[in-house]
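Protein chains: 2
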Amino acid sequence: MKALEEKILKEGTVLPGNILKVTSFLNHRIDADFMMEMGKEIARLFENDGVTKILTVETSGIAIAMGAAVQMHLPLVFAKKHKTGNISGAVYSTVVHSYTHGVDYNIVVNREYISKDDNVLVVDDFLANGKALEGLIDIVGQAGAKVAGCSCAIEKGFQQGGDRLRSKGIKVESLAIVESMSDSSLTFRK
Amino acid sequence: MKALEEKILKEGTVLPGNILKVTSFLNHRIDADFMMEMGKEIARLFENDGVTKILTVETSGIAIAMGAAVQMHLPLVFAKKHKTGNISGAVYSTVVHSYTHGVDYNIVVNREYISKDDNVLVVDDFLANGKALEGLIDIVGQAGAKVAGCSCAIEKGFQQGGDRLRSKGIKVESLAIVESMSDSSLTFRK
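Chains as they are written, first to last, in the working numbering: chain C, 463 to 652; chain G, 463 to 652.
Okay, chain C solo, but in the shape it has when bound (with noise of 0.2 Å):
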């Protein structure tokens, strides 16, 4: 998508420990009228893919996950990353490794909100090393659930999680995808 690697260029920020900051629009400051837009380039993506839900994982997948679903017409399930007190009876959870704050989590979601009839595309905003995703389809299966693929805002080719994910069959479809990034050049597979 033309309009976020010019963003990305624009506003990111490339910070020791391959991590890509891109406060200003997507995971802090958001910007919304640029969420719809992703969202209808995911809707457009998924278009004939026949899904019913959308899953993200709390905190920052939330705004784009709700960018495609308002363009899609469909429900948004936000994983949360610990148990509280809100969710009540029965759910289905996971652990997931993150690298960026160096923890492992368990992700939940009550299982009133995926069933076995969903066809499920997992949204988030980053993709790395997969992990969350992992994570997110692992919860999908649980429910007994498709998964009719995944889309992200920006992913980072250079690692392996989205090769991984495809290599399995799983239709991924990132807006942007990261060869290489240093201090000083930032380059997209074309």
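Check the hints yourself; a few may be wrong.
[Claimed, not checked] No more than 30 Å apart at the CA atoms, straight line, and that leaves these computed lysine-lysine pairs for DSSO-like:
id	chain 1	residue 1	chain 2	residue 2
1	C	472	G	608
2	G	578	C	483
3	G	472	C	578
4	C	608	G	472
5	G	543	C	543
6	G	472	C	543
7	C	543	G	483
8	C	483	G	608
Calculated from the structure, these hints are not laboratory results.
Starting from the known structure of chain C, arrange chain G on it as the hints suggest.
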């Protein structure tokens, strides 16, 4: 907002500790189309207030704040609950007590994302004791910006947060105000 009152009566559950569970559409499973309807109502309520930015706090506020931001074509900033490695540079921060989780936490906004020229609409899913909104208003004040007002989906009118903010002259527009609730009944303020 009549449609919200009806949705609360149909889908909400009252749990011990004055918790109103509305995870089926507001803060776990998200009814995206309904978020846009609520956003449209917030846009109408604040159409003459010169709002330049929406501010909320992760996690549950993001979806409804997105609804408002999309309808008003404004940027959205969500305060983070911990200072993470992804937020660099100077931040505004304040301490908020969560009665739901029984803990204090820091809420943090990067200084780049609110300026003294902003006129900020503070949005959240719930308004009960008002601590989260007061924290967000404190952050707006640290930035030297103005508070255009506050808007929440559901206010617990039997707690004091909303009326305390109103008594300070702040415009507070809640889309539904619960006057009383118990296992067996729930009434709204007219």
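Hint check results:
1. C:472 <-> G:608: holds (29 Å)
2. G:578 <-> C:483: Cα-Cα ~24 Å, so holds.
3. G:472 <-> C:578: holds (24 Å)
4. C:608 <-> G:472: holds (29 Å)
5. G:543 <-> C:543: holds (13 Å)
6. G:472 <-> C:543: holds (27 Å)
7. C:543 <-> G:483: Holds, at about 18 Å.
8. C:483 <-> G:608: holds (28 Å)
The structure fails none of the hints (numbered hints given earlier).
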